[in-house]
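S.K.: This is what each chain is made of:
2 protein chains.
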Amino acid sequence: MDGIPLATDLYELTMAQSYWEHGMTGEATFSLFVRSLPRGRGYLVAAGLQDALDYLQSLRFTSRDIDYLRRTGIFADAFLEYLEGLQFTGEVWAVPEGTIIFPQEPFLEVTGPLLEAQIAETYLINQVHLQTVIATKASRCVVAAKGRVLVDFSFRRTHGLDAGLKVARACYLVGFAATSNVLAGHRYGIPIAGTMAHSYIMAFPSELEAFRAFVSSFPERSILLIDTYDTVQGARIAAQVGQELKARGLRLQGVRLDSGDLLDLSKKVRDILDAAGLKDALIFASGGLDEHEIASLIEAGAPIDAFGVGTKMGVSADAPWLDMAYKLVSYEGRPVLKRSLGKATLPGPKQVFRLFGPDGLMAGDILALRGEEVTTGEPLLTKFMEGGRMVCPYPTLEELRNRFQENFARLPQEYKDLNAPASYPVQLSPSLQQLQATLAAKT
Amino acid sequence: MDGIPLATDLYELTMAQSYWEHGMTGEATFSLFVRSLPRGRGYLVAAGLQDALDYLQSLRFTSRDIDYLRRTGIFADAFLEYLEGLQFTGEVWAVPEGTIIFPQEPFLEVTGPLLEAQIAETYLINQVHLQTVIATKASRCVVAAKGRVLVDFSFRRTHGLDAGLKVARACYLVGFAATSNVLAGHRYGIPIAGTMAHSYIMAFPSELEAFRAFVSSFPERSILLIDTYDTVQGARIAAQVGQELKARGLRLQGVRLDSGDLLDLSKKVRDILDAAGLKDALIFASGGLDEHEIASLIEAGAPIDAFGVGTKMGVSADAPWLDMAYKLVSYEGRPVLKRSLGKATLPGPKQVFRLFGPDGLMAGDILALRGEEVTTGEPLLTKFMEGGRMVCPYPTLEELRNRFQENFARLPQEYKDLNAPASYPVQLSPSLQQLQATLAAKT
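Respectively, the protein sequence lines represent chains A and B. Residue 725, in our numbering, is where the first sequence stops; the numbers in between run on with no holes. Residue 725, in our numbering, is where the second sequence stops; the numbers in between run on with no holes.
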């Protein structure tokens with residue numbers, strides 16, 4: 283997107299000018315983390331790092347950007363000249379996307395000249411926040427679906443186009459099978475899927491004519507929407523068309539329910555399809571679904587093979603935001619902290635060590651200072667950038683998706699509970715505790 | 283954004299192929315509306331039309347888009363050739379952005395060849411939905427603020443970059459004074475504003491040094507953040523710096539509170555500033571604010587001059603989505619409707635007539651068929667496009683902002699209540715009622 287360097291809060295740039303004017307060029311570390319979990323959430327799934335790294339690598343103000351800043355009348359010309367030559371030259375440690383993570387633990391830490399690390403704040407939070415919100419929400423749908431197929435149907439109600447893309451990607455990261463979003467398919471190589479809309483049915487004189495027309499266009503991939511007028515009647519007509527296909531050696535892929543009592547209707551529809559000899563026709567359900575709806579349908583034995591999950595996942599309706607912050611934790615080698623009520627921060631660059639039990643499952647984390655000797659546990663943050671360049675290749679989306687699946691299997695069930703998850707133990711290392719106490723005691 | 287024509291659900295394109303293959307080229311009208319209001323909302327503010335019109339005017343598939351679609355293996359080559367030459371050639375009626383609107387009333391209606399009107403669905407909903415959600419939420423903050431200055435601080439937690447831009451614009455549309463989002467300032471000409479972050483303070487050895495450094499960079503526009511360590515102490519230090527500025531004939535613009543008990547702290551801080559002879563230094567408040575917080579602070583007499591409103595507005599935290607639909611209402615001159623449980627639609631292209639009382643205030647709407655003679659009331663939908671081209675200039679953002687302010691003043695207070703708004707009367711015209719009954723009775 284054109285103008286990306288301007289995708290920032292004004293204060294990042296005014297602070298930058300002031301840092302520059304006052305020779306505040308020392309090395310700073312900022313830490314991006316979440317303060318607390320929304321109610322009912324037991325964990326977070328980190329996401330958005332790919333965009334964060336891409337941004338830091340390509341950050342350059344164009345002359346058009348600088349012209350706009352000059353026209354605002356806010357900035358000194360000498361500073362704008364400096365800004366035009368700016369590049370990010372720092373270091374980034376981060377957890378790869380798909381990592382399970384908890385409050386206070388850093389998603390990423392940026393170390394570099396104060397000004398460079400500061401101005402990235404708004405963009406980095408914007409991208410990591412959205413994608414983490416959605417990856418977390420979507421992973422709950424995966425928990426609920428117990429292996430059934432999930433498809434992202436949220437694009438029309440995601441908050442804008444960028445969100446539509448990032449939601450599709452975050453869903454796929456955590457195990458959705460496909461998205462309806464064609465642009466996301468193009469951009470990320472995610473499988474795309476879709477059925478048909480009510481308008482298609484309504485444009486034909488009858489449901490039967492509509493179904494026949496659609497299967498003649500897509501004989502191998504027709505999922506017929508059967509709730510436009512009356513779902514049970516719609517299922518009978520779909521079964522008729524399915525039998526016509528079968529007689530030609532083809533297969534009706536399935537039907538979709540989008541309204542009404544999905545448990546009751548899915549049973550009735552299954553019976554109709556089975557009685558018509560269409561046991562391999564899938565039942566696809568959609569319409570206001572979230573993890574709770576999916577869980578209760580499956581719990582009740584609804585014969586639904588696949589779920590189209592839309593709005594409530596795509597905006598994370600019950601928890602559309604996280605208290606995510608990007609805070610200065612050290613400047614010129616001096617660890618710092620903020621004491622604002624309810625928003626206090628932990629000082630210093632950090633590392634997270636993850637402990638596993640004898641069963642291979644996650645057993646607790648230790649939040650430590652970076653470089654501190656912690657003999658047990660697996661470190662979660664990796665160095666991705668140094669001197670403004672990538673020092674290791676970033677994993678592909680397929681690799682991240684596989685990685686997530688492996689990691690998520692090691693998170694005990696009690697933290698995945700959809701309503702009352704257990705609280706995962708995160709301890710501060712002795713050195714971090716001591717540093718915090720020392721700094722907090724200073725006036 | 284590159285690839286915009288692909289910003290659609292797959293089914294729009296598969297249906298398009300099927301329409302094309304079956305000669306379904308008749309004229310269709312789709313109507314975009316909201317089914318119901320979220321709890322606690324008394325009205326909606328329509329927004330997003332500018333993007334909808336821009337999209338329809340510029341919709342062209344590039345050869346790169348077509349190449350991707352070909353590679354999916356889903357589409358027929360002949361259809362893709364047709365798609366490459368596609369343009370929107372239809373008509374659009376709509377309410378201008380900033381119009382107060384209610385459930386079932388159309389925001390816009392698109393009439394054109396079925397295929398053209400169909401494939402626009404996903405993009406049109408995506409943009410109008412987000413912007414209406416936010417314009418509505420932001421207007422509630424305006425109601426709560428009773429004339430105090432509001433600034434959009436939400437960019438870091440909006441759902442992606444596109445949302446950041448559209449949120450900034452929607453806020454400005456309904457009366458916010460400025461945004462922190464520099465890119466939105468550039469894109470839309472919206473005033474930009476900002477203060478400073480805690481990291482700025484923490485990078486200096488002391489608050490006093492930080493404040494002095496900032497005012498030396500921006501002597502005319504410094505709003506000092508005073509809650510990094512202790513707000514009352516921070517206020518005293520800010521007052522000292524304010525007096526130093528005053529001695530040089532300059533003025534401290536203000537201070538910002540971002541945590542703690544904003545009512546109590548704002549009073550203490552006001553006293554400190556006043557006692558230091560800084561009566562014209564403003565108090566700016568931020569930190570998790572929404573319309574309810576703002577209303578209760580003002581109700582309680584908090585001496586706060588301006589509010590920075592962030593996350594809860596920027597994601598519309600209590601109601602992040604609307605049940606917005608884009609439904610076929612007529613095909614080849616035949617009005618149609620859908621009967622799905624809980625999702626039934628009203629048939630035919632429509633017009634909304636707004637009635638005003640003798641006091642000039644809004645008194646109720648009549649939802650009628652387009653072209654129907656309704657002798658009272660002011661029609662809300664205007665024809666913006668015909669033959670795929672604009673037939674009247676679209677208003678500027680400043681004009682829309684002024685228009686909103688005038689219209690909003692005519693909405694009686696009872697519908698603006700933040701907790702339990704009255705239900706605004708929308709009647710169906712006799713002809714619409716009769717048409718609905720006739721069609722619903724058909725099996």
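Hints were generated in silico from the structure; no laboratory data involved. Any given hint could turn out to be false.
[Stated by the list, open to error] Here are the simulated lysine to aspartate or glutamate pairs, EDC-like style, with alpha carbons at most 20 Å apart:
{"hint": "1", "chain 1": "B", "residue 1": "LYS625", "chain 2": "A", "residue 2": "ASP546"}
{"hint": "2", "chain 1": "A", "residue 1": "LYS625", "chain 2": "B", "residue 2": "ASP512"}
{"hint": "3", "chain 1": "B", "residue 1": "LYS625", "chain 2": "A", "residue 2": "ASP543"}
{"hint": "4", "chain 1": "A", "residue 1": "LYS625", "chain 2": "B", "residue 2": "ASP572"}
{"hint": "5", "chain 1": "B", "residue 1": "LYS724", "chain 2": "A", "residue 2": "ASP546"}
[What the hints assert, rightly or not] Some chain A residues judged to face chain B by a derived CB distance under 10 Å, without partners named:
{"hint": "6", "residue": "ARG438"}
{"hint": "7", "residue": "ALA460"}
{"hint": "8", "residue": "PHE500"}
{"hint": "9", "residue": "VAL611"}
The C-beta atom is built at its ideal place from N, Cα and C for all residues, glycine as well.
S.K.: Under the criterion that the straight-line Cα-Cα distance not exceed 20 Å, is the pair A:LYS625, B:ASP512 satisfied?
M.R.: With Cα atoms ~12 Å apart, A:LYS625 and B:ASP512 stay inside 20 Å; holds.
S.K.: Taking only the CA atoms, is the gap from B:LYS625 to A:ASP546 under or equal to 20 Å?
M.R.: holds, 18 Å
S.K.: Would the stated hint for A:ALA460 survive a check requiring a Cβ distance to chain B of less than 10 Å?
M.R.: Holds - the Cβ of A:ALA460 comes within 10 Å of chain B, reaching about 9 Å at its closest.
S.K.: Please check whether A:ARG438 passes as an interface residue: C-beta within 10 Å of a C-beta belonging to chain B.
M.R.: holds, 4 Å
S.K.: Below or equal to 20 Å on CA atoms is what counts here, so check B:LYS724 against A:ASP546.
M.R.: Violated: B:LYS724 and A:ASP546 sit about 25 Å apart, past 20 Å.
S.K.: The hint names A:PHE500 as touching chain B; please verify it with the least Cβ-Cβ distance against 10 Å.
M.R.: holds, 6 Å
S.K.: Can you confirm whether the C-alpha distance between A:LYS625 and B:ASP572 stays at or below 20 Å?
M.R.: holds, 18 Å
S.K.: A closest beta-carbon separation below 10 Å is what the hint needs, so does A:VAL611 meet it against chain B?
M.R.: holds, 9 Å
S.K.: Compare the distance between the alpha carbons of B:LYS625 and A:ASP543 with 20 Å, and conclude whether the hinted pair is satisfied.
M.R.: Roughly 13 Å separates the two Cα atoms, so the pair holds.
This entry does not satisfy hint 5, going by the numbered hints stated previously; all others are met.
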